[in-house]
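Please arrange chains B and C on chain A, whose structure you already have, making use of the hints.
Protein chains in written order, with my numbering: chain A, 1 to 816; chain B, 1001 to 1301; chain C, 2001 to 2243.
No wet-lab data here; the hints were simulated from the structure.
DSSO-like, lysine-lysine: derived pairs with alpha carbons at most 30 Å apart:
{"hint": "1", "chain 1": "B", "residue 1": "Lys1241", "chain 2": "A", "residue 2": "Lys746"}
{"hint": "2", "chain 1": "A", "residue 1": "Lys276", "chain 2": "A", "residue 2": "Lys578"}
{"hint": "3", "chain 1": "C", "residue 1": "Lys2118", "chain 2": "B", "residue 2": "Lys1278"}
{"hint": "4", "chain 1": "A", "residue 1": "Lys123", "chain 2": "A", "residue 2": "Lys272"}
{"hint": "5", "chain 1": "B", "residue 1": "Lys1203", "chain 2": "A", "residue 2": "Lys177"}
{"hint": "6", "chain 1": "B", "residue 1": "Lys1278", "chain 2": "C", "residue 2": "Lys2187"}
{"hint": "7", "chain 1": "A", "residue 1": "Lys172", "chain 2": "B", "residue 2": "Lys1203"}
{"hint": "8", "chain 1": "A", "residue 1": "Lys746", "chain 2": "A", "residue 2": "Lys675"}
{"hint": "9", "chain 1": "B", "residue 1": "Lys1278", "chain 2": "C", "residue 2": "Lys2100"}
{"hint": "10", "chain 1": "B", "residue 1": "Lys1176", "chain 2": "A", "residue 2": "Lys42"}
{"hint": "11", "chain 1": "B", "residue 1": "Lys1203", "chain 2": "A", "residue 2": "Lys174"}
{"hint": "12", "chain 1": "B", "residue 1": "Lys1176", "chain 2": "A", "residue 2": "Lys700"}
{"hint": "13", "chain 1": "B", "residue 1": "Lys1278", "chain 2": "C", "residue 2": "Lys2209"}
{"hint": "14", "chain 1": "A", "residue 1": "Lys557", "chain 2": "B", "residue 2": "Lys1176"}
{"hint": "15", "chain 1": "A", "residue 1": "Lys318", "chain 2": "A", "residue 2": "Lys366"}
{"hint": "16", "chain 1": "A", "residue 1": "Lys746", "chain 2": "B", "residue 2": "Lys1203"}
{"hint": "17", "chain 1": "A", "residue 1": "Lys749", "chain 2": "B", "residue 2": "Lys1203"}
{"hint": "18", "chain 1": "A", "residue 1": "Lys84", "chain 2": "B", "residue 2": "Lys1203"}
{"hint": "19", "chain 1": "B", "residue 1": "Lys1203", "chain 2": "A", "residue 2": "Lys585"}
{"hint": "20", "chain 1": "B", "residue 1": "Lys1241", "chain 2": "B", "residue 2": "Lys1155"}
{"hint": "21", "chain 1": "B", "residue 1": "Lys1203", "chain 2": "A", "residue 2": "Lys586"}
{"hint": "22", "chain 1": "B", "residue 1": "Lys1155", "chain 2": "A", "residue 2": "Lys700"}
{"hint": "23", "chain 1": "A", "residue 1": "Lys364", "chain 2": "A", "residue 2": "Lys739"}
For clarity, every value in this text was computed on a predicted model and none was experimentally measured.
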Amino acid sequence: MTNTWMDIKSADVIVIMGGNAAEAHPCGFKWVTEAKAHNNAKLVVVDPRFTRSAALADYYCPIRQGTDIAFLSGVINYLLQNDKLQHEYVKAFTNATFLLKDDYTYSEGLFSGYDEEKRDYDKSSWDYQFGPDGFAMVDPTMQDPRCVFQVLKAHVAQYTPEFVERITGSPKDKFLKVCEYMASTSTPDRSMTSMYALGWTHHSSGAQNIRTMAIIQLLLGNIGTRGGGMNALRGHSNIQGLTDLGLLSNTMPGYLSLPTEKDIDYKTYISKKLFKPQRPGQTSYWQNYGKFFVSLQMAFFGKAATAENNYAYDYLPKLDVIQYDLIRAIELMNQDKMTGYICQGFNPLMSAPDKNKTHAGLSKLKFLVVMDPLQTETARFWENHGEFNDSDPKAIQTEVFELPTTCFAEDEGSLTNSTRWLQWHTPAQDPPYEAKSDIDIMSAIYLRLKALYEKEGGAFPDALLNLTWPYQVAHSPTPDEIAKEVNGYVVDNVPDPTDPTKMLLTAGKQLDTFAQLRDDGTTASGCWIYSGSYTEAGNMMARRSTSDPGEAGIAPKWAWAWPVNRRILYNRASADVKGKAWSEKKKLIEWNGKAWVGFDVPDYGPNVPPQKSVGPFILTEEGVGRIFTKALMRDGPLPVHYEPFESPRINLNSPKIQGNPAGRIFKDDLAKLGKAKDFPYAATTYRLTEHFHFWTKHAKINSALQPQQFVEISEQLAQEKGVVGGDWVRVWSSRGQIKAKAVVTKRIKPLICDGSPVHVVGIPIHWGFMGVAHKGFAANTLGPAVGDANTDTPEFKAFLVNLERITDAPSDAATV
Amino acid sequence: MADYQSLDIRRRSASTDSSPDVRGAIEVAKLIDVSKCIGCKACQAACMEWNDLRSPIGDNIGVYTNPQDLDPNTWTLMRFTEYENPDGNLEWLIRKDGCMHCSDPGCLKACPSPGAIVQYQNGIVDFISENCIGCTYCVKGCPFNIPRISSVDRKAYKCTLCVDRVSVGQAPACAKSCPTQAIVFGTKADMIAHADERIIDLKTRGFTNAGLYDPPGVGGTHVMYVLHHADSPQLYANLPKDPKISTLVAIWKGGLKVAGLGLMAAAAVGSFFHYVAKGPDEVDDHDEMAAERMKEESDRS
Amino acid sequence: MTRDVPHTTSDGGLTYVSRYTTVQRINHWVTAALFTMLTLSGLSLFHPSLFFLTGLFGGGPSTRAIHPWFGVVLFLSFLMLFFRFWSLNLPNRDDIEWSKRIGDVVSNRHDRLPELGKYNAGQKIVFWGQSILITCMFLSGLVIWDQYFGTYTSIEPKRVALLIHSLAALCAILIIFVHVYAGIWIKGTGRAMMRGNVTGGWAYRHHRKWLRKEAAAHGIASEAEIYAAHHPAPATKAEPPAK
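Chain A on its own, in the form it takes in the complex (with noise of 0.2 Å):
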C-alpha cells in the first residue's frame, strides 16, 4: 500500500475492484464502514461477482473477469475527454509532459520491438527523448503530439463506453457512472483510494491492471494524498515482509536485485544501477544503490566481505532465467531437472495452478521437505484419497521429511502488513510437541550443511563458511539479534570529517536511517528498507501508542513503517507546487519556510524547498510518477487489454493478439489450453472470508462456519443445467475435474459481452484432503499454468470451465 489502512477513512471514493477487502481483509475493511460513516464516502465495488464487499457498496458494477484494463482504459479515456483531471498535479508531478522517442509506436495490440520467437519485446524504443544536456526532454502545454500526455490520450481513443460494454460486459450506464464516481474526485479536496488485491495480480496482464489504475489515480492527483493511493491488500499476514526481505528467487533483501549471469562482476552490475537522475536536480534516490548493496553483504558475510573482494559480490548466486517462480519449478520438476524441494510454509499441491500438474512434479522429486505447522496437502501429496486425490504411493519413489514448525501465535517476531508495518509480536503460547520455530529449523539445517562442508569441502563452499553467523546461541538465534542485524549496525567507527575528535559512527551501535549507510563496508544492514526498526532507542516495531495527531489516520507511534516510519508514500505529492496542502481537510506535510513539516515523515528532503522544483517521488530518475513506464515492464509502457489466455471471447481489441503477447507459458501448458467450445463457462477462483488459504479447514471453528466445498453459479446457468442449490455438480477444465456442492446465487449474472452472454462459475478454494472440514477437490486443479508477464503469478482469476449436474457424491474410498 502507498497509504495506509488507517487512511482509508480520509478517503471520498473508495474503488474496490480486482479484490474484495469485506471478504479477504475484514479486518482493514473497518476503515471503509468508517470512511461511509463518518466522511460521507461512496464505496464503488467493480467485480465479476456480488461480493461481500457489494454488499456494502453504494454502486455496484459488474465486469468480466480479466477485462479490467478494458474498463480502466475506458475510464481513462472518460477522464480526458470530459477533462476531469487534477491539471496541476498531472503536469507538475506526473511524466505527462516528457516526450516520448519517435520510434516508439503501439498498433493493432504490440508495441514497437516485439520479438514472436522469444515472446518478448526489445524495449530500447520505449524511452524519453534526451536533450543535449541528457536531461529528458518536456512539453510543459502537453500539447506536442509525442508527449506522454498526447500519446495516451490516443493510446486510450478507441475504449469508448460502447466498446468497454462490449469487451467487458459491464452496461454501459453503470460503466459511466463508476467514471463518474472516480472523476469526482479530480478536484484538489477530494481523494480516491483504490483497494485491490489477487482479483488484479492473478492474471497474465496482472501487473498492468495495476498500473492502468496507477495512471487514472495520477491524472486524479490521489496519489501521495490522505485518502488516496494504490493501495495493494496482501494476501497473508506478513506476504509484505515475504517480498520486503527478498524472499522471491530474483530479488535480495530491500528490493535489491539478485545479479544475473550477463552480471560478471561487481562492476558491471553495479553499473546498471547508477540511475542517474533524468531531470536537472532530480533526487533518484536509486543513486545510493551501492551503499544498500555493500552493507547488505556486510551483513550476510561480515568481515569476509572487503573492498578487494567487492564485498563478497562473488559469493552470490547468478540468475541464468529472469527468476525461479513457482510454475518454473513445477515445469522443472516434471523435466526432472529438479529433484529436491523445501517447501518452508506452503502448500503447492493446492496452491499451484493445474494441480495434476504438479502431483506429478512432486512424484517425480528425490526429496520432498515439508516445514509447516499442519499436516500439508502438499506433505501428503502421495497419500491416496480416493478421488480427491487419486495417488498411486507405489509408484512415488519421493522421500518426504516433515518439519513441525511453530504457528505464527507461538513464535516472537515481526510481520509486516500491507501498510508497511512491522508489528512486533510475543508467543500467545509454547509450541506443541516437538514443533520448532523456523528460525530453529533454519539454523540447525545450516550448522549441519556448514559441519559438511568443512569436514569434506566442496567445489565453491566460500559463501556457506563465510556466512557471518554472530549469534549468542548457534543453533537458536534470538528474534531480537535478528532483528537488530536486519535493522542494521556500524562495523568500523566512522570520524567525522568534520572533527575527527569525534566519531560519526561508532562501531556497534544500531543505525537509525539507511541515510546512515555507506558503502566502504562501515555499515552493516540486512535490509536497508528496515533501518530504523530496532535503534539504539530500542524494538521500534513494539511501539504501541494510538496517539494519533489530528487524527490524521497516521498514529506515528504505533509500530514501525518502512521507509523511516513514513506512513503514506510520495507524501510530498499531498501539497502543490509551493508545498502548501492541496486541501486543508487532507493536509499531510507543508512546507513553512524552513521544513517540511506536518503529520507525516516528508517523503522528501526534509529541508529542500519547493523553489527547487524537486518532484515528489525522489526514488525515480524523473522525479515524478510515471504513466508511460519507460522500460520497466515487460509488456508494454502502456497498458493494453488482451484477453486472458483462456477466455470465452476473441480479444475485440487487437483480434490478432489474443492473449498477453508477453505472458510466459510453458509449451506443455500451452497444448493444455481449453477452447471456448468446449468449456464455455469463465470461471474465477477466490477465497471466502470464513476460511484462510488452505489452513483453516483444520480447524473446527472455521470448518463449521463453511464446512464444505461448492462453487457459485447463476440462477440462469443453473436453468440451463438442471441444477439446484445444494446439488453436486462436476467442474471440468481441460486440465482436470472437480466435483462439489452448487450454490445457485443472484449475486452472479450472465454478463452481455458484445451480444451474448458469458456464465461465470466462482470457485471457492479452501478446500483439500487434510484437515477437519469435508474433504474437497484442490480448486487449482482447473486453472492452467500461465504467468503473468512481469511477476509470473499464475492466472487465477480467469480461465474456462464446463459443468454439469451429478448425482453422486465423490467418492472417498482408497482405490489402490
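Relative to chain A, chains B and C alone:
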C-alpha cells in the same frame, strides 16, 4: 462501564421475589448495524471461542448460512438473504440472528423453573442452566424462535449477551470481534443515539425507510438492529415485523395460570362448605331394609 | 375417607351388591394413581407456587422427564377402563331428569330424584369428560414431548398444544376433584372400588334401577354368603350359614 456491570436481578422465572431497586441500573444494548455487516461470521467464531462451543461441521445446502440454523452450540448465526429491490438492484441482506434480550422476555414468562431464566437490571436475559429442567417452554415463549434444547443434557441454550464479559466491563465477544463495528455495545441510550446517526447516513444514501428495530411489542429489546428497510424487517430472513409474546402463551402463562389455581381452590373450598352445609349423603336403615326386602324377593324367585 | 359402617338389617345381616370386579378395581386404581402423579407433576410445572412438588419426583428435570411417561401409561390404563365401561355410560332419559334436579342431588334429597341405573349423569359426565380430556392431553402431550416428537411440528402448533394440554388438565383435575369429593360426601361409595361391592342400601338409595336389575339377574348376596364365598371352610367342619 460502571453500573451496567451490575448483576442485580430484575426478574426471575417462576418466582415472585421482588427485585432490588436501590442501585441505579443502566440498561445495556447491543446494536447490530446491518448496513455495516459484511457477513464475515467473526461474531459466530468469537461466540464459539468465548463460550467454548463448537458448532457441528455440517453440509453445504446451497447457501452461505452455516450452520443452517441456531443450535445448542450455535448461539448466533449470520443469515443471508438475496433481495432484488424494486429498482432491480440486488441487495445482499445479512442479519446476525440470536437472542434479542427482550425487555418483556417470553422465555422467562413461560419458564416454570424458579431461577432458570433471569433478567438482570441491565436488561440481559440469561439462562441459568443448572436450574433448567428442559421443559422447552422457553422455546414456545420466545417470539423470535431463539432457544434451542441440547440433545445431550436436555437443557435450553441461547446467547447470554456474554453476561460474564459484561459483568467485568467487557463488550460481548461478538461485538469485540466485529471487524467493521457493525456490532457495537453500550448503554441502550447511547446505542439509540448511535443508531440515529447511522439512520441519517443511510437516508442520505437513498434508504428512505432506514430505521431502528427495537420492537415495542416485547417492551423493546437489548439487541437492536439498524435496518435499511425498517418498514419490512421480514426481508432480513424473516425478522418478525411486530413481535410479541404469542397470545396463546400469554393466556397459558397469564390468566390461565391464575384462573386454574383459583378454580381448584374454589372447588376445594366449595366442597368443604357443601359438606358442612348439607352433610354427608348417608345410607339409612330404610335403604338397607328396602334392599333386604328386594333380596328376599329375588331369593324367592 | 370415612369408613362405611354397615347398618344392621332386621335379621342382623347386611345385603350386598357386586359393583366392580377385581380387575376393574385394579384398573381404576392404577389410573387413579397415575392421574394423581400426573396432576402433581403437571401442576408443579403449571404454576411457580407448586414447583416444590417436583421434589416428589426427584427434582425438576426428572419431573419433566417422567411426566409424559406417566401420561402414556395412564392413557393405556384409561383405554382399558373406557372399553369396560363405555356402554354403561351411554346417556338416557333419567339422566335428563336427574340433571334437572341437581339442586336436590346436592341437598341429599333422594326422595325427589328419579330411580337410576348403574351410573347417574354426574358419573357419566366424569366418564365422558375424562375420556375426551385424557385423549386431548395425550395427543397434545405428544406434540410438546420435545425429546421424541420435537422435530415433527413447528412452534405455533406446540403453543396451541400447550394451551390445550393445560386447559384440558385443568378441566380434568376439576372433574376428578368432584369425583373424589362425591366419594367422600356420599357415604358407602368407597367400598365399591375398594372391595368391589356396595351395600344393598347404598345401591337402593343411589342406583335403584340398577339394584332391581342386579337383583333380578344375579341376586343379592348377604354378608354371610360373601364371607363364605371368600373363606371356603373345610367341608367336614363347616357349619351351614345361618339364614
